[in-house]
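Peer 1: One letter stands for each residue in the lines below.
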Amino acid sequence: MVIMEKETEHPAPPFEPQKVAEPEPQEKAMITVSDVDFSYGAHQVLFDVNLEIPPRAVTAFIGPSGCGKTTLLRCFNRMNDLIDGAHVSAGRIELEGHDINAPDIDVVELRRRVGMVFQKSNPFPKSIYDNVAYGLRVLGATKKSRINEAVEKSLRAAALWGEVKDRLDSSAYGLSGGQQQRLCIARALAVEPEVILMDEPCSALDPIATAKVEELIYQLRENFTIVIVTHNMQQAGRCSNYTAFFYLGRLIEFGATSKIFSNPSERQTEDYITGRFG
Amino acid sequence: MLSEQKHTLGTFEHALENLRNNVMMMASQTERSLNRALKGLMDRDDKLAALAIADDEEIDQLEKQIDKDGIDLLLRFQPVASDLRRVVSAMKLSSNLERMADQATNIARKARKLNKHPALPEILLLNPMIDHAMAMFRDSVDAYIREDAQAARAIIPQDDALDKMNAQVSRQLIDRMARDPEQLRGYINLMFVARHLERVGDHATNIAEDAVYAAAAEDIRHQQVAATA
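Order-wise, the sequence lines are chains A and B. For the first sequence, our numbering begins at 1436 and goes up steadily by one. For the second sequence, our numbering begins at 12 and goes up steadily by one.
Here chain A stands alone, though its shape is the one from the complex (with noise of 0.2 Å):
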């Protein structure tokens, strides 16, 4: 094709671009992680870790297997002291200005305000209904309409309600896993948490089901704050508003996502994300 340009050109008319608003971690962060080392026993998993996981935002951790990103994940509620001989041997960890692993804290109540999410759906052999009361009860709830109310809300908030609404005594069982992983998310949500913490929530799900628990992800971002592990590297693009890269137990690079998918700092997320290592 030949195009025979035009003669005269006329000058643009002044313009704004528009920019796509890429949100900044102005707020005080709700988990700040300072100076952090972790070990099992003797065999030391993170080393000197500084992070701050900034509020009502998506963060994604993403590193080879073995880089400790699901390990760190598990120090924020403290899931980690189930496990004998694993322990923050230096550093801090806190939530909202608060040391978690101070001699006081009640560990129950930590978990209530960060709640999580694990790589398989795990529901109770139980009904939806109990299953997202369970967390409720433990609590000490008794009130029936009050349940009531927020099991409703959290099965809504988990974009689940209109799927179950009509078989809530149904057994958990039923459900596909990935209404039953959206299940377990609302579970999660019924006690009110602050942090909603995720460990490959998808990587069991079919696309269909991970496309419906990532835009729910995408949504629970405006009331939540949520860290999400994944080896999906377009599900951290695509519902991560932040993204921190390890590896070898090191953090390497944090930052936007945009930012990090587009342009990374470092050699070594630049090579891992483009798939050169990993």
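No lab work stands behind these hints, which were simulated from the structure alone. For each residue, glycine too, the CB sits at the ideal point set by N, CA and C. Treat the hints with care, as some may be off.
Said to hold, decoys possible - Below are the DSS-like pairs computed for lysine-lysine, each with C-alpha atoms no more than 30 Å apart in a straight line:
1) Lys-1561/A <-> Lys-1588/A
2) Lys-1561/A <-> Lys-1647/A
3) Lys-1694/A <-> Lys-17/B
4) Lys-1694/A <-> Lys-127/B
5) Lys-1694/A <-> Lys-58/B
6) Lys-127/B <-> Lys-58/B
Stated by the list, open to error - Ranges of calculated distance between the beta carbons of each label pair, as one might list FRET restraints:
7) Glu-1531/A <-> Gln-234/B: 40 to 46 Å
8) Arg-1572/A <-> Thr-19/B: 47 to 53 Å
9) Ser-1500/A <-> Asn-46/B: 53 to 59 Å
10) Gln-76/B <-> Lys-1588/A: 53 to 59 Å
11) Asp-1470/A <-> Leu-86/B: 54 to 60 Å
12) Arg-157/B <-> Val-1542/A: 55 to 61 Å
13) Gln-1669/A <-> Ile-156/B: 25 to 31 Å
14) Glu-24/B <-> Lys-1561/A: 27 to 33 Å
15) Arg-232/B <-> Tyr-1608/A: 55 to 61 Å
16) Ser-1611/A <-> Glu-229/B: 44 to 50 Å
17) Gln-1669/A <-> Glu-24/B: 26 to 32 Å
18) Gln-183/B <-> Gln-1669/A: 56 to 62 Å
19) Ala-1646/A <-> Glu-24/B: 28 to 34 Å
20) Ala-1646/A <-> Ala-172/B: 49 to 55 Å
Said to hold, decoys possible - So the derived list for chain B, only partly shown, Cβ under 8 Å to chain A, looks like this:
21) Gln-89
22) Val-91
23) Ala-92
24) Ser-93
25) Asp-94
26) Ala-130
27) Ala-228
Model the placement of chain B on the given structure of chain A, informed by the hints.
Peer 2: Below, chain B alone, put in the same frame as chain A:
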């Protein structure tokens, strides 16, 4: 930041390499087409001009192939960071090369028109523009291939010089028209050739901007507009 290391996924590496080779091939064919058109003009060689016009079809097909390969690569591998910039810039580069090849065709057509009449000595006024535009073309493609952002940046200001040359040649030819209206048609065709060369410089500038984006992740387009807005 650009990585030298190879991808774990060999098919991805191969697809990127293939895209890059096609861009290099398209650049080399575009350069050949421009050289043929300009030599056809200066040496009054209709055969070369015809070859330049014939080159266009092949270059158009390469543009389509690069777009197809680029889209296929985006679809299959969802590249990020420098890989994404490489794919996007390759697709933009092919569009600029295709339009440069159009300029070669335009020049070749003007050459055939001019060759039907006695030679005009004023054709020599175009020589500095030809040298400048072709140097811009070669340097911009070279900067892109070598992923050299610094060399690419150095090309941008050269476009102003080419614009000034074009304005000067136009003034000189308008002056000749007034003095020798008999040669009006020939002078107008020479003015068109100058204009086509000026457009080659514009496309070389675009390529240099894309080279900076690919190598340094920086968008340096329209900076004057942004600064005055």
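Peer 1: What hints, given by number in increasing order, does this structure fail?
Peer 2: Violated: hints 4, 5, 11, 14, 17, 26.
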